[in-house]
Amino acid sequence: MTFTIQIENGTEVRNAEADSQRTLYPYVTGTSVVAIKYKDGVLMASDMGGSYGSTLRYKNIERMKAIGKHSLLGASGEISDFQEILRYLDELTLNDNMWDDGNSLGPKEVHNYLTRVMYNRRNKFNPLWNTLVLGGVKNGEKYLGMVSMIGVSFEDNHVATGFGNHLARPILRDEWREDLGFEEGVKLLEKCMRVLLYRDRSAINKLQIAKMTEEGVTVSEPYSLKTFWEFKAFTNPTVGAEGSW
Amino acid sequence: MFRNQYDTDVTTWSPTGRLFQVEYAMEAVKQGSAAIGLRSRSHVVLACVNKAQSELSSHQRKIFKVDDHIGVAIAGLTADGRVLSRYMRSESINHSFTYESPLPVGRLVVHLADKAQVCTQRSWKRPYGVGLLVGGLDESGAHLYYNCPSGNYFEYQAFAIGSRSQAAKTYLERRFESFGDSSREDLIKDAILAVRETLQGETLKSSLCTVAILGVDEPFHFLDQEAIQKVIDTFEKVPEEEEGEDEAEAGAAQPAEQGGAGAGDVAPMEM
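So the protein sequences, as listed, match chains E and S. The opening residue of the first sequence carries number 1 in full-length UniProt numbering; numbering runs sequentially from there. The opening residue of the second sequence carries number 1 in full-length UniProt numbering; numbering runs sequentially from there.
In case anyone wonders, no lab produced these hints; they're calculated from the structure. A few of these clues could be false.
Reference excerpt, derived from the structure (chain S facing chain E, CB under 8 Å, subset only) [unchecked claim]:
1. 101
2. 102
3. 140
4. 224
5. 226
6. 227
Values in this document were obtained by computation on a predicted structure and should not be read as measured data. The beta carbon of each residue, even a glycine, is placed where N, CA and C say it ideally should be.
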């Protein structure tokens, strides 16, 4: 919370302590998350990097976590805020389990809960600096949605955060289909992640793919993509640039 | 019932381990006019007798919609019932807003019971003088609960509360085993027949009862007078006619269900 004190000439002085409680900018950040619905459920991919500004500092951060039995949450943005969100969700799922009454939180409920949390924090000018992707399957219904740090929330057949919006979604708009099989879906996601790896400075070549189906939620072991650097554009990146500005 | 020594305070135990104030509150429920609930796997029907203060006044509302998937019928102090209905509506809508998903009725009922319990353990409060029949849906289907002023709650296949509810309970006890697979129409019919039991011979008219239904694909709503009268007409041809004849009528008209054992067999019992 911020508190202001008014001085005679009308200018306001903010309480320094209260200010240090607010999020001002992110420090350790994760880059894009990409996710698609496919025939049997939902697939999500993200790399395992945590950047500290322009340094690729942490290379083993899991940015996707299972929530309850039916959902998976992927996050980009401030990693510590993601961990805070996981604590909130831990409490939520704990209380849900304690009821022990056959009812359980599905991906829709978790998504809406997170939307409320993100929006309320934004209204207090103290946002959780994340863009979240929430996917899952419950009772045969596939769900995929996104919430941003300002509380913008929606569902779609394919979503991406950060750079993924600009580099991955055009690919998905062209090539996504309702009836993608598992291997096809993974290939499509890997295609997106490869483009991000080439073009996003904060991406690293160590990624995980998560699968959500009626049976449950699994996150793969980390692996890396094969890359090809002999493209003419890469071998001589400045050709055509001489004199171009 | 001479138990006056330990009954002044809700926070005073009797030597035999009873809280008389709570029991007196449960008496208030028995004085209210009857409310009945029954459920199948997919539907819940709530019905009640319309009691009016006098011929000049309208009857009190005893069935309330809490949400599309939850309804409640009350018996006892109607004012207390209204307040609790408002609480239930509030809980339900808050849950819907946060989770975009209906509040499972089993959880609502526990909140309600905990709220009632508080009033049994504060010296400056009194227990709610109303019994609630809560019908609703959750992931496992349709449920019917009874919430007591004591803070207890129980799940039922069918139940009746209020004055002369014993007659309805007897009727329901005979029939409840078939309710699980009952069709929607049969469930409504059974509810109205149960209401008739509490009337002790008074002619059953649609103006005397209120019926509401909710189901897996059916949001909570009241049945209109016409629909109720139609059901009444299927088993009560002429008001003064003996029930034996109606039974044969009903048995012939709908051969498939309910073994023809209609309400006509046994005379309604006094409470």
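Taking the hints in turn, this is what the structure says about them:
{"no.": "1", "hint": "101", "result": "holds (5 Å)"}
{"no.": "2", "hint": "102", "result": "violated (10 Å)"}
{"no.": "3", "hint": "140", "result": "holds (5 Å)"}
{"no.": "4", "hint": "224", "result": "violated (33 Å)"}
{"no.": "5", "hint": "226", "result": "violated (37 Å)"}
{"no.": "6", "hint": "227", "result": "violated (32 Å)"}
Hint compliance for this structure: hints 2, 4, 5, 6 are broken, all remaining hints hold.
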